[in-house]
Every structure is written in structure tokens, then in C-alpha cells.
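Each protein sequence line maps, in turn, to chains A and B. Sequence positions in the first sequence follow my numbering and run 1 to 160. Sequence positions in the second sequence follow my numbering and run 161 to 391.
One or more of the hints may lead you astray.
Pairwise CB distance ranges, derived in the manner of DEER restraints [what the hints assert, rightly or not]:
1. A/S137 / B/T202: 46 to 52 Å
2. B/P168 / A/L55: 31 to 37 Å
3. A/E133 / B/P168: 28 to 34 Å
4. B/A215 / A/E124: 52 to 58 Å
5. B/Q193 / A/N47: 17 to 23 Å
6. A/A150 / B/A198: 46 to 52 Å
7. A/H26 / B/D172: 51 to 57 Å
8. B/G218 / A/E96: 29 to 35 Å
9. B/R203 / A/E133: 34 to 40 Å
10. B/P204 / A/P138: 53 to 59 Å
11. B/W213 / A/K73: 24 to 30 Å
12. A/L55 / B/P204: 27 to 33 Å
Just a few of them, taken from the derived set where beta-carbon distance is under 10 Å, the chain A residues facing chain B [what the hints assert, rightly or not]:
13. P28
14. E32
15. Q44
16. L118
Computed footprint of chain B on chain A, listed as stretches where at least three residues anywhere in the stretch have a Cβ under 8 Å from a Cβ of chain B [claimed, not checked]:
17. 45-57
18. 61-75
Bear in mind the hints are in silico, worked out from the structure with no lab data behind them. Built from N, CA and C at the ideal position, the CB exists for glycine as well.
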Amino acid sequence: MTSEEFKNMIVTHQPAMQRMAESVLHDPSLAEDAVQEAMIHLWQQRNQLDSERNLGALCVTLAKRRSIDLLRKQRPFLPIDEAALEIPEPTANNLEERYQKAMKKIKRLPTLQQKALLMKYEEEKSTAEITRELNISPANLYTTLSRAYAALREMLTNEK
Amino acid sequence: MKDNPIDPELQDLLATLTEHGRNKRRQQKLLAQIDQLAAEETRPHKKHRPLWWAAATGIAASMLLVLTIQPKQQPLVAIHTDTSPLERIQQSDSMAIKAINPSPLPLSSPTISTQAKANLAQPHSTTVPQPEPESNAEIEPEPTDNMTVTIPLTDELLADNLAEAPLETTSPASDRPVIKTVRAILGTENQNTEPLRIKNETFAFNLALGPKEEEEMSQNSKFKPLIVNNL
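Extracted from the complex, chain A is given alone in its bound form (with noise of 0.2 Å):
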């Protein structure tokens, strides 16, 4: 497997593998330290990955065991029932499906409100950041965000 086929096994994978680390964990940073040590043991196997089937399940699998890894060095004394552990695997296009049918919606927005609306959620910038990138006062940046979740509820009531 070369450099830039594990890249995107690793784009596909990572949300799966994020939500499996969080699901265990039940802290984000420490779910991003298991993905990543995930991704270093999957990187130094890569080689052997080419006749690996399911990538999507052993990255899973990888995510889990190096969180009940850091699980157990946080509480070296907390008995850990890995069964209890076993939760469902999320489905690796669920995030991506979701997001892509969220930008459906948004794209059918005028730009200002698309902007707004991405940076403030999707890149979770301040409001000084969005106000001096976009030009506009904050309370020009208010009205614009509130037209916007009018927008968007109308088109969800509209799907219904």
C-alpha cells in the first residue's frame, strides 16, 4: 500500500474510528491520541494491509483496542469489561451522509449566509474572526445567521 492509498484509507476511516475511540473514552482528545496510534500501528502493517478485506472493520477494531489501552492507563485499577464494550460499529459514510445532505440544504442559501453559517459551525471560528474575514459588524452577522436558521427550518418542515 503506498503513501497515498493509506491517506485515503485513513480519510474514509477516521470518523469510524473517531467515534468508536469517543464512544469508549468519553473525551474527544483522548478519542484523537487512540485514532492516532490507531493510524501509526496501521502505517507500520501497511504492507499487509493490501490482502486485508474489511480495512473498515479492522481500523474499528484497531481504534477500540488502543482506547481500552489508554482506558487502562488512566485506571490501571478499574476492572474493564471489554463485552461491555461492545458497541455497535458506527457506519463509516454515516457523518459524510449526513454533512452531504446538510450541504444540500445550505448551498440553497444566499453566500453571505453559507459563509457565515460554515464558520461558524464547520470551522467553528469566533465572531471577531467571521466579522473581520467577511467584512460586516456583529450585529449584521446576527441578522444574517438568524435568516439563515429561518432558511434552513423552512426547508426542513418543507421536507416533512
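With chain A's structure known, arrange chain B on it following the hints.
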């Protein structure tokens, strides 16, 4: 900024946006890490030097340092400065030297005399050359009353006989067994010849005398008996 009350569907949509954005940033971080791992693999590994290599390098560096930086040499003039006898005596004592001159001792300087240098430069020089005598001429002492006479003996027979004779012949009453023995051996009792190679003329003269003359000479204060040692 407070959002307007949003229905759960809109809330899920916005949460999806947030989650996707976070995942995007995480993926970028992971991709950067993959690039780093790939770069580390392609980079040629630094050759590991063994431990002895570091030790040898350190030793060589210290040796070079020692050879390069020589100790500061004190001028020889400091040693050969004229000093009074009192100061010379005081200089033999280290404490006195410290009292007179606080400067470092000249003996501590790594100077070496030219003669010693020449001796050290000679290959396999194990003997220390002795100073040459001032003159080869042997100074014969003036004959005194109680002097020690050395007679080199060439004849082995004579030497054996003389070795049995008493060493002390200073007593005038003694019958001079040495003289008699010498005369008996050499058969020159009545001859005024000088059969032995005797350096001391006075002793040779005594040997050449007869018993009578000998007695007369012993009474005379000018000819006192001699001490003959190592005969």
C-alpha cells in the same frame, strides 16, 4: 450571540457541520503525520557509531590537547641568579622559599640541563658518564711518619708469603718478618738491589738495609718505623 430557539432537526444539521469540521481538522493532522512518517522512512538513517568510537575520539582529542598545549617554561636565568649563601640555604627549605619569593619554585619548571639532554638523547644509554679527572698525573704524597704504603706485587709467590705476614710492623722490637721473608724468597739478603717495585723510596731504603743498619736507623729519630698495610 444567542441563537434563536431551533428545532432538533436544525440542531442536528448544525451539529453535523461541526462534527464534520472537527473530523476534517483531525484528518489533516493525521495526514500530516503520515507524511512525516513517510519522510522518516525515506530519510537515510544516521549511522550509529559504536561506543568504542566515541571513547577513542575522546582519548585522541585529549592527547591532541595535551600535545598542543605545552606547560609554561620558566627561564633558566631564574635558576642561575646569584644568591647569597644565606639565601641559598633558605632556598633549600621550601617554606623559606615561599617566604622570600612568592613566585613558583624554579625547581618545578620542567627544565633540564644540556648534559642530561645529551645523555637522554643517546640511544640505550644506561651509564652515567663520570666526570673526567682534572689530570692524569698521580700526586705522590710526601712521606710522613705514619704513612700507608701500597706496594704492587707482581710475583704471586711473594704475594702469598706476604699475605701470611702480620700486617702491623710498626713495632721496633719486631723482627721484621716481612723483610726477612722477602729476602729469603728473593735470595738477596746481602744485596743492596731493589727486587721489588716499591714506590715509596723510604721503605725501599729500609728494605735494603741490613739488621745492624736497621737497628741504628731505628734509634735515630729521623728514621722512624713505617706502618705497612695491605701487604
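Consistency of the hints with the structure:
| no. | hint | result |
| --- | --- | --- |
| 1 | A/S137 / B/T202: 46 to 52 Å | holds (51 Å) |
| 2 | B/P168 / A/L55: 31 to 37 Å | holds (34 Å) |
| 3 | A/E133 / B/P168: 28 to 34 Å | holds (30 Å) |
| 4 | B/A215 / A/E124: 52 to 58 Å | holds (56 Å) |
| 5 | B/Q193 / A/N47: 17 to 23 Å | holds (18 Å) |
| 6 | A/A150 / B/A198: 46 to 52 Å | holds (48 Å) |
| 7 | A/H26 / B/D172: 51 to 57 Å | violated (20 Å) |
| 8 | B/G218 / A/E96: 29 to 35 Å | violated (60 Å) |
| 9 | B/R203 / A/E133: 34 to 40 Å | holds (38 Å) |
| 10 | B/P204 / A/P138: 53 to 59 Å | holds (54 Å) |
| 11 | B/W213 / A/K73: 24 to 30 Å | violated (38 Å) |
| 12 | A/L55 / B/P204: 27 to 33 Å | holds (31 Å) |
| 13 | P28 | holds (8 Å) |
| 14 | E32 | holds (6 Å) |
| 15 | Q44 | holds (9 Å) |
| 16 | L118 | holds (7 Å) |
| 17 | 45-57 | violated (count 0) |
| 18 | 61-75 | violated (count 0) |
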